[in-house]
Amino acid sequence: MSSIGDNIIDLKVDQSGFGDSQISFSNRLNTMTFNKLLLPRLLPEEKVLYLDSDVIINHSITALLNLDFSEPLAAVKDLNSPDSEINAGVVYFNNPVINQHPKIVDQLLPASKQPGLKNADQSVLSNFFYHQAKFLPRTYNYEVGVEGYAVYHHIDRIISELARISDPAIIHFDSDDKPWNLLSTVRYRELWWYYNGMSIRDIIDHVTLGTNKPRWSKLRGPLFCLTNSQNFSHLTELVTTLSDYQFEIAARTSMGPKLVSLLKYPNVRLYQGILPQVMADRLNCAKAYLDVNQGMKDTKVIRQFLESGKPVLAFNNTMSMAGNDQYLVFADDQVKKMADWIRTID
Numbered sequence: 004m005s006s007i008g009d010n011i012i013d014l015k016v017d018q019s020g021f022g023d024s025q026i027s028f029s030n031r032l033n034t035m036t037f038n039k040l041l042l043p044r045l046l047p048e049e050k051v052l053y054l055d056s057d058v059i060i061n062h063s064i065t066a067l068l069n070l071d072f073s074e075p076l077a078a079v080k081d082l083n084s085p086d087s088e089i090n091a092g093v094v095y096f097n098n099p100v101i102n103q104h105p106k107i108v109d110q111l112l113p114a115s116k117q118p119g120l121k122n123a124d125q126s127v128l129s130n131f132f133y134h135q136a137k138f139l140p141r142t143y144n145y146e147v148g149v150e151g152y153a154v155y156h157h158i159d160r161i162i163s164e165l166a167r168i169s170d171p172a173i174i175h176f177d178s179d180d181k182p183w184n185l186l187s188t189v190r191y192r193e194l195w196w197y198y199n200g201m202s203i204r205d206i207i208d209h210v211t212l213g214t215n216k217p218r219w220s221k222l223r224g225p226l227f228c229l230t231n232s233q234n235f236s237h238l239t240e241l242v243t244t245l246s247d248y249q250f251e252i253a254a255r256t257s258m259g260p261k262l263v264s265l266l267k268y269p270n271v272r273l274y275q276g277i278l279p280q281v282m283a284d285r286l287n288c289a290k291a292y293l294d295v296n297q298g299m300k301d302t303k304v305i306r307q308f309l310e311s312g313k314p315v316l317a318f319n320n321t322m323s324m325a326g327n328d329q330y331l332v333f334a335d336d337q338v339k340k341m342a343d344w345i346r347t348i349d
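Residue numbers (the working numbering): 4 to 349.
If you are wondering where the hints come from, they were derived from the structure by calculation, not from laboratory data. Possibly wrong hints are sitting among the right ones.
When the alpha-carbon atoms are kept at most 25 angstroms apart in a straight line, the in silico BS3-like pairs for lysine-lysine are as follows [said to hold, decoys possible]:
| hint | residue 1 | residue 2 |
| --- | --- | --- |
| 1 | Lys267 | Lys290 |
| 2 | Lys300 | Lys290 |
| 3 | Lys221 | Lys300 |
| 4 | Lys137 | Lys50 |
Listed next, with one range per pair, are the computed distances between beta-carbon atoms [claimed, not checked]:
| hint | residue 1 | residue 2 | range |
| --- | --- | --- | --- |
| 5 | Gln329 | Gly8 | 52 to 58 angstroms |
| 6 | Gln280 | Asp349 | 23 to 29 angstroms |
| 7 | Gln280 | Ser63 | 20 to 26 angstroms |
| 8 | Met299 | Ile206 | 44 to 50 angstroms |
| 9 | Ala334 | Ser163 | 46 to 52 angstroms |
| 10 | Gln103 | Asn287 | 22 to 28 angstroms |
Every residue gets a Cβ at the ideal spot worked out from N, C-alpha and C, and that includes glycine.
Between the sequences and the hints, there should be enough to build the whole structure, so can you do that?
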């Protein structure tokens, strides 16, 4: 990394001072999260950009790094508590200003042990600096992890604010639904895996975005299905016959073991509890819709897919509608015929 002017320093921090710190409700946090409170003391640099480990840098942040500000820190307002808290996943510390008050770090440490802290270190930083902070644009801390909570609780304010930004610079997966989870449905999951697959050499060589494709992007398709059931007609045969196609199976609910077992096939992706924004994206990418699940169907989604001019394929025992030239029905024993037809799709 030194060839591009970067250094990695493994800085060890004594955690004993955080033994009684309030971790808050989340089981994904531990006392390590309080280390950022020590940065003004630990690092000699004037400006320090702190990033949580669950963020990805999606665009150049040169403008952010060159930001000239006189406040103690710069951060984005927290989506859940915009009137009282910054989000501590991305914090730009102005160390000279903070260190004008040499006792400030000593005050932050005991504050972390006060009972009733809502968001651990974030609440501590907010209590001290919210009214002195420079607020950054949302693109520098796009809290996509909050989206699922907002959708299921109908918090239109959060949904609207996230919708205003189409291509954020820093994406923050700030929920328990991390992109590396087995059944994560968070938006930008594929992008996280793209960056995760980059080597240090890719980074040094400034590999062009899109050239380091994740495994599933090399497959044909995708073929999409939204299901309310674990029961399908000939899905396993289709998956194995069309091993060079990506199958995307989605549900608006949790998935049972029968569905989860499909992950043994490298060309299957599951979307448990799929969000509307994620489903819209996957439907847009899909080359065909497989109406091969048993039980209740979301015919509204199927009709919308047909209206886009793309085909829907079903077996006799799974068909949910008729009368559309793009809705193709195969006999229950015509798995190979369906697979052969799919191969004719561009």
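Each hint tested on the structure:
Straight-line distance between C-alpha atoms of Lys267 and Lys290 comes to about 23 angstroms, which keeps the hinted pair within the 25 angstroms bound. Note on Lys300 and Lys290: the hinted pairing holds, with a Cα-Cα distance of about 19 angstroms set against a maximum of 25 angstroms. Using a Cα cut-off of 25 angstroms, the hinted pair Lys221 and Lys300 is violated, with the two alpha carbons roughly 30 angstroms apart. This hinted pair checks out: Lys137 and Lys50 have alpha carbons roughly 14 angstroms apart, not beyond 25 angstroms.
Checked against the hint of 52 to 58 angstroms, the pair Gln329 and Gly8 passes, with Cβ atoms roughly 55 angstroms apart. Gln280 and Asp349 have their C-beta atoms about 26 angstroms apart, which keeps the hinted 23 to 29 angstroms range intact. Between Gln280 and Ser63 the beta carbon distance is about 25 angstroms. The supplied range of 20 to 26 angstroms therefore holds. Range check, Met299 to Ile206: about 47 angstroms between beta-carbon atoms, so the 44 to 50 angstroms window is met.
A beta carbon spacing of about 48 angstroms between Ala334 and Ser163 agrees with the range 46 to 52 angstroms that was offered as a hint. With their beta carbons about 52 angstroms apart, Gln103 and Asn287 fall outside the hinted range of 22 to 28 angstroms.
This entry does not satisfy hints 3, 10, going by the numbered hints stated previously.
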